[in-house]
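In order, the protein sequence lines correspond to chains L and S.
Numbered according to the UniProt record's numbering, the first sequence spans residues 1 to 220.
Numbered according to the UniProt record's numbering, the second sequence spans residues 1 to 220.
A hint or two may mislead.
Just so you know, same-sequence chains aren't split out, so a pair can sit in one copy or run between any two.
[What the hints assert, rightly or not] Quick list of in silico lysine-lysine cross-link-like pairs, DSSO-like style, CA-CA up to 27 Å:
1) 41 / 127
2) 143 / 53
3) 198 / 143
4) 113 / 54
5) 30 / 63
6) 143 / 63
7) 105 / 54
8) 63 / 106
9) 82 / 63
10) 182 / 53
11) 105 / 127
12) 53 / 105
13) 54 / 106
14) 41 / 105
15) 105 / 126
16) 113 / 53
17) 205 / 216
18) 198 / 41
19) 106 / 53
20) 63 / 182
21) 127 / 53
22) 105 / 211
23) 143 / 27
24) 80 / 30
25) 188 / 82
No lab work stands behind these hints: they were computed from the structure.
This one's a predicted model, so the numbers in the text were calculated from it and none came from an experiment.
Protein chains: 2
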Amino acid sequence: MANDEVILLDSWPSMFGMRLRIALAEKEIKYEYKEEDLWNKSPLLLQMNPIHKKIPVLIHNGKPICESLIGVEYIEEVWKDKAPLLPSDPYERAQARFWGDYIDKKLYDTSRKIYTTTGDEQEAGKKDFIEILRVLEGVLGEKPYYGGDNFGFGDIALIGFYCRFHAYEIYGNFSIEAEFPKLVAWGKRCMQRDSVAKSLPDQHKVLEFVKTLRHKFGIE
Amino acid sequence: MANDEVILLDSWPSMFGMRLRIALAEKEIKYEYKEEDLWNKSPLLLQMNPIHKKIPVLIHNGKPICESLIGVEYIEEVWKDKAPLLPSDPYERAQARFWGDYIDKKLYDTSRKIYTTTGDEQEAGKKDFIEILRVLEGVLGEKPYYGGDNFGFGDIALIGFYCRFHAYEIYGNFSIEAEFPKLVAWGKRCMQRDSVAKSLPDQHKVLEFVKTLRHKFGIE
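For reference, chain L alone in the conformation it holds in the complex (with noise of 0.2 Å):
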């Protein structure tokens, strides 16, 4: 679609964020790139976004799409031609809209708690951290991506927390890659994608990230 808008407002940590610079690159769209301050929003995330108040939210020709994967549906729908987002089968799509909706549900929160709790809570977290990864691994199996064959929406609401897997090792004192062999090599192969490896920032950055958040949150 020539002459489009397209605005991105994000935090570079994001893994929400994330999900709609991948698929925007996906589908080789141009837009502009809007960071966000979350200690002092803007007004026009204020504006766009007046529910939630939080990035990303997804500017087209200046109306708002928020929370994220969301905005990947929308992406998929207008900009349908190009590299597909979803599998066109109406079961294999519920099966990636339910897998998506269990690490919203689940993984942020838990994944959270290795870095910015101590002592049972953060047991507790790392514990529940370790099972739904046990639950992810399972669901890849032995396929490349989670849809199967083609890179899409599974892996896109997932890759973004990938690239704190060095942050939770740090903290949670534990290795990905040694209890999750087959997501760790699902990772590495993500990344050897263009539109993964340019919206995801380098995982020793991001662990300075964390520790900015440990410091906010008087952990160290």
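Here the structure of chain L is known, so what remains is to put chain S in place on it, guided by the hints.
Chain S alone, transformed into the frame defined by chain L:
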């Protein structure tokens, strides 16, 4: 689609199950309804939804679809020729999904606090609940349905809560109709549809159910 086997694992007071009942009724799909005892879940439910172990589960030709809004989208995609439940415009679809997601993230947990907690926790729940209804009444505005002129996804996501309004009023000690007349008028409008009327239980039966919940939680 002829010769389809459609089964719904459900529990009659579930607002989430009601969504699938309504979608199936709108599409005039014949199905077998199986009532689950949530305090003694069936082997079939545990087999069909091993991740969340929750109802509702739609089973289509032996394959399970879990999470109610994902089920509604699945029904829409498989039986697409009759009674469209989502708008065709991608932006309007994203908006419908946004409000469905908002209801799932905010309304259920908040609304339950009115009858499963007491004291300050109940007061805080009631305050949040009223704020959410204010947002939802604002979004509806002067439109007959959430999607505009036609009954659809946003209505299906919300209407199940309507049959608990009486219980919220009794235990929250306030009048929803006095504060949110458009929302109550919308609920009555939806109830004029066969698909909704036959899928929602009577408000007084729901109140009796809520009383048994309160006994279980030791509040009454």
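Structure-based check of all given hints:
With identical chains, the CA atoms of residue 41 and residue 127 are at most 27 Å apart between copies only, with a shortest distance of 26 Å across copies and 34 Å within one. Taking CA atoms no more than 27 Å apart as the test, residue 143 paired with residue 53 passes between copies only; the shortest distance there is 25 Å, against 37 Å inside one copy. For the identical chains of this complex, residue 198 and residue 143 are intra-copy neighbours only, at 24 Å inside a copy versus 43 Å across copies, given an alpha-carbon limit of 27 Å. When the C-alpha separation of residue 113 and residue 54 is checked against a cutoff of 27 Å, the pair qualifies both within a copy, at 20 Å, and between copies, at 25 Å.
Taking the shortest alpha-carbon separations for residue 30 and residue 63, only the intra-copy value of 16 Å comes in at or below 27 Å, while the best inter-copy value is 39 Å. Taking CA atoms no more than 27 Å apart as the test, residue 143 paired with residue 63 passes between copies only; the shortest distance there is 20 Å, against 37 Å inside one copy. For a Cα distance limit of 27 Å, the shortest separation of residue 105 from residue 54 qualifies both inside one copy, at 17 Å, and across copies, at 14 Å. Taking identical chains as interchangeable, the C-alpha atoms of residue 63 and residue 106 lie at most 27 Å apart only when they sit on different chains, with a minimum of 23 Å there against 29 Å within one chain.
For the homomeric pair residue 82 and residue 63, the shortest alpha-carbon distance inside one copy (22 Å) is at most 27 Å, but the shortest distance between copies (30 Å) is not. For the identical chains of this complex, residue 182 and residue 53 are inter-copy neighbours only, at 26 Å across copies versus 36 Å inside a copy, given an alpha-carbon limit of 27 Å. When the C-alpha separation of residue 105 and residue 127 is checked against a cutoff of 27 Å, the pair qualifies both within a copy, at 16 Å, and between copies, at 24 Å. Within a single copy, residue 53 and residue 105 get their C-alpha atoms as close as 19 Å, and across copies as close as 15 Å, so both meet the 27 Å cut-off.
In the homo-oligomer, the alpha carbons of residue 54 and residue 106 lie at most 27 Å apart both inside one protomer (19 Å) and across protomers (15 Å), since each shortest distance falls under that limit. In this homomeric assembly, residue 41 and residue 105 come within 27 Å of each other (Cα to Cα) both inside a single copy, at 25 Å, and across copies, at 22 Å. For the homomeric pair residue 105 and residue 126, the shortest alpha-carbon distances inside one copy (16 Å) and between copies (24 Å) are both at most 27 Å. Taking the closest pair of Cα atoms, residue 113 and residue 53 come within 27 Å of each other both inside a single copy (22 Å) and across two copies (24 Å).
Taking the shortest alpha-carbon separations for residue 205 and residue 216, only the intra-copy value of 17 Å comes in at or below 27 Å, while the best inter-copy value is 50 Å. Taking CA atoms no more than 27 Å apart as the test, residue 198 paired with residue 41 passes inside one copy only; the shortest distance there is 25 Å, against 46 Å between copies. Taking CA atoms no more than 27 Å apart as the test, residue 106 paired with residue 53 passes in both settings, with 21 Å inside one copy and 14 Å between copies. In this homomeric assembly, residue 63 and residue 182 come within 27 Å of each other (Cα to Cα) only across copies, at 26 Å, whereas the closest approach inside a single copy is 40 Å.
For a Cα distance limit of 27 Å, the shortest separation of residue 127 from residue 53 across copies, 20 Å, qualifies, whereas the shortest one inside one copy, 31 Å, does not. Proximity of residue 105 and residue 211 under a CA criterion of 27 Å is satisfied intra-copy only: 25 Å inside one chain copy versus 29 Å between copies. With identical chains, the CA atoms of residue 143 and residue 27 are at most 27 Å apart within one copy only, with a shortest distance of 23 Å there and 35 Å across copies. Taking the closest pair of Cα atoms, residue 80 and residue 30 come within 27 Å of each other only inside a single copy of the chain (15 Å); across copies the shortest separation is 33 Å, beyond that limit.
Taking CA atoms no more than 27 Å apart as the test, residue 188 paired with residue 82 passes inside one copy only; the shortest distance there is 24 Å, against 44 Å between copies.
Going down the numbered hints, you'll see the structure goes against none, and every one checks out.
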